[in-house]
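Under this note's numbering, the first residue of the sequence shown is numbered 253, with each subsequent residue one higher.
Worth flagging that the hints you see were computed from the coordinates, not collected in a lab.
Straight line, CA to CA, 27 Å or less: simulated DSS-like cross-link-like pairs of lysine-lysine:
#1 LYS607 <-> LYS628
#2 LYS569 <-> LYS461
#3 LYS768 <-> LYS441
#4 LYS705 <-> LYS274
#5 LYS768 <-> LYS592
Derived CB-CB ranges, DEER-like:
#6 GLU753 <-> TYR363: 27 to 33 Å
#7 PHE329 <-> ASN522: 55 to 61 Å
#8 LYS441 <-> ALA621: 43 to 49 Å
#9 GLU482 <-> GLY342: 34 to 40 Å
#10 LYS461 <-> GLU497: 49 to 55 Å
#11 LYS441 <-> VAL510: 55 to 61 Å
#12 LYS441 <-> THR304: 54 to 60 Å
#13 ALA556 <-> ASP442: 19 to 25 Å
A quick note: this is a predicted structure, and the numbers were derived from the prediction, not measured.
C-beta: ideal position from N, C-alpha, C; glycine also.
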Amino acid sequence: MQRPFPIPEERSTERYSATPVKAAHTANHPILKNALWKGSVAPEIIALCNETSRGIHVSTMLPVRFSTLDKHGKDVFDDHIVLWISVHPGNTKKTSCRDANGPILDIFAKYDIHDVAVHWIEGAMESLAGPPEMMPVTRDTNPTHWIRRALTAVLGIPIVAQDMADKDLQGSLGLYFHRGKDRHGNKSKDVLAVTNKHVVSEKINDDYKYSGHHGERKQYIRNCGRRRFEKLLNEARALLAEKLEDATLFAEQLAEPVANQPEEEDPEYNRDLKDKEQQLQKAQSDVGVLDEFLKLLKSTWNDALDRIIGWVDWAPKIANDADSRRYTRDIGVMTLERDKFVKNFKGNVVYLAGKFTRAEINACFYPNAANPSVFKYPKDHLFRLSGVVGPVALSTPYFVDKNNNPCFIVAKAGQATDLTFGRQSELEAYTCRDLEGLSVSWEIAVFNWGSNKHSNFSAKGDSGSAIFNAEGKLVALLHSGMPRGTSNHVTFGTPGHYVMELVLQYYPDADFSRLKFEEDEATAA
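All chains, full assembly: derive it from the sequences and hints.
See the structure below:
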């Protein structure tokens with residue numbers, strides 16, 4: 253058997269021992285770098301698998317390195333890399349995969365790469381489009397500060413095309429930019445947002461651009477589909493119920509010391525009494541704030557038409573053959589409604605608070621304390637994105653993980669899974685969406701972080717999210733993943749530098765750096 257799954261040396265005294273859980277990491281191989289992989293090794297393997305006689309229908313292909321946890325909970329890495337190949341479900345025989353292993357290993361050997369195994373699975377890429385004025389971001393003392401994230405002007409807010417709202421196909425907002433000039437060269441105050449084509453339109457094989465001609469129908473985009481809005485209401489109701497219970501408990505706890513005051517001065521009693529009074533006052537205040545927040549949601553946001561935030565301006569057909577790089581062009585750009593955003597717009601910022609603590613986020617972005625940190629947690633929880641990771645840097649890890657291995661750590665904020673962290677592969681993933689091997693592309697691949705709290709890096713509804721690094725640079729625009737069971741163990745995205753190329757080709761004066769929706773008169777002059 254080729255590279256058998258390891259059996260723990262220390263066996264349990266029970267009849268059955270636990271099967272080790274493997275986690276995927278970037279390959280981190282001394283010979284196999286992205287230029288060799290993408291330029292020579294992968295094309296030869298693809299050609300081999302595409303031979304008609306083999307009957308192999310590859311959907312994705314990516315070299316990885318696996319690890320298992322030892323008894324101390326530390327990663328123990330395999331001494332070999334694995335070519336992880338998925339085939340379209342139900343269309344490739346097991347014997348075909350087995351018979352291809354030898355020739356594939358011969359290709360690696362030709363380049364002096366011998367520490368490699370081939371693992372096959374069934375799986376296919378799937379798009380991760382799921383089911384008044386934007387609210388201001390509040391201080392974290394406000395009980396609604398995290399719940400309201402879906403209705404603010406930060407990145408990753410949930411969006412849905414009005415034409416697809418009944419099908420509950422939702423996605424996320426990726427980036428903002430100012431248009432600068434319109435198609436006629438005139439100064440434009442428009443602010444636009446980037447997401448995926450398949451998020452804003454069902455007609456993924458058709459080019460679309462809004463001409464602005466009188467009477468032309470706009471393709472509107474809403475903030476929050478019905479399912480996401482119901483989730484928002486349920487989150488608010490649950491937190492209100494929790495605060496009501498807190499208020500009841502604190503009132504009962506306060507009644508006892510009030511009824512039994514000491515005869516003499518007691519500093520400890522006074523401190524405890526003051527603390528309980530403050531806890532009760534805060535709980536009662538939170539109850540009032542949450543009650544008003546729920547009323548606002550029901551009165552102002554409940555009607556789906558009131559949640560329209562813009563309309564599609566440009567959405568070319570999805571393609572992966574625009575040039576020889578074969579990156580996926582899955583991009584949709586919308587013009588934002590001025591009155592919705594002008595007051596509370598803050599530019600390209602991600603709201604970090606709510607799901608993780610500051611210490612947990614710092615540990616994710618820089619898992620090795622000996623490695624110099626460029627990440628600084630923002631005091632207002634708003635992490636600004638600026639710049640993009642270039643093609644060379646995408647395959648050159650710039651810091652090390654807790655195991656002292658070169659790595660990339662990335663994050664994204666999306667409407668389905670909120671803020672998540674993952675490990676980006678320095679090797680691009682080969683993907684094929686059809687059985688004929690015609691729809692071939694190369695993608696940025698991100699692996700799940702690998703712990704219970706982190707769960708999956710993405711899920712349906714996260715399409716269109718910006719994937720970024722600790723420096724706040726754009727790494728990729730998320731567009732799909734490869735689910736297996738209830739998990740999505742690999743996420744795919746279009747390189748950020750290619751997304752920027754596409755935007756600047758169509759909007760040559762695009763500006764991603766502004767912090768306000770409109771310039772001040774003095775600045776404009």
